[in-house]
Structure formats: C-alpha cells, structure tokens
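S.K.: Sequence:
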Amino acid sequence: TSKCLRAQARWRDYQRFSVFVDSMMGELGAMYGDLNLTYDEKVSRREGIFTRALKRFDDEVTPTFESVTFGGFRETSLNNATLLSRIRYYHRLPDFATMLEARGGDLAELLAELRTTVDTVPDPFDLLPGSTP
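This note's numbering numbers the first residue of the sequence shown as 107 and each following residue consecutively.
Accuracy of the hints is not assured; some may be wrong.
[Stated by the list, open to error] Pair by pair, the computed Cβ-Cβ distance ranges are: (1) L143 / D232: 23 to 29 Å; (2) K161 / H197: 20 to 26 Å; (3) L111 / Y138: 38 to 44 Å; (4) R158 / L234: 22 to 28 Å.
I should point out that these hints are in silico values taken from the structure, not numbers from a laboratory. From a predicted model like this one, the values you see are computed outputs, not experimental measurements. Glycine included, every Cβ here is placed at the ideal spot set by N, Cα and C.
Start from the sequences and build out the full structure, keeping to the hints where you can.
M.R.: Take a look at the structure:
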C-alpha cells in the first residue's frame, strides 16, 4: 500500500540521518578526546566541524531524502545540546536494522534476545553488529 511505501521511505531517511549524525559525533568525539588541544582550540574546531557537517547535510544528505526533510535540524542552532537530543533517537539505526534483519524481521525475538544479553556487556550498544565489547 502507499502508506507502507511511505513508512519504508521514512525508515530509509531515518537511517540516512542516523549515519550523518553518527559521523559528526565520531568527528567531535575524536576532537574532544585529543588531550593536546586546549579548551579554546576545541571550541574553534567544533565550530569548523559543525560548519562542514551542515554543508555536507545540505549538499549530500538532504538530496537523498525520500520522505522526511529533517527541516527542524536545519532550523535549530547546532550545538552540543541539540546534537545530543538527535543522537538519542537516531544513533546507529542501520545497526539496529541489520540486527533485526538477521532475525528475519522478528522484533519479538530480537527484544527477547536483548533482554537476556543486555547484562552481559558494559554498554548495550556493544550488542549491535560491528561493535567490539
């Protein structure tokens, strides 16, 4: 149905946005983790990362969207707080999709598995494909 096709397009868009946000977070994490940088250098580099990321979003990511525009992302000032709010909902969505697909799309099976394995790792994200606990 058309509703199903729209939902699938939205899910693909969410995953594209997830990859974009995770990439930006990775770049920021590496910069913040650099002990050789002063606070002022980190602030300056953060602004450069934000500027490049927004350009990449406009030039490369936005044209790939099929259904969702993420207009709110562009209309809101980009800072650590707004980025953390995005990462809460969009972190590693393709990895979750891969994990679900590996179980034949059986969400109940995946949730049962996660319930029984979540206490075996220090960070629940370590259970996702591609993680190294």
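S.K.: What are the numbers of the hints the structure violates, in ascending order?
M.R.: none
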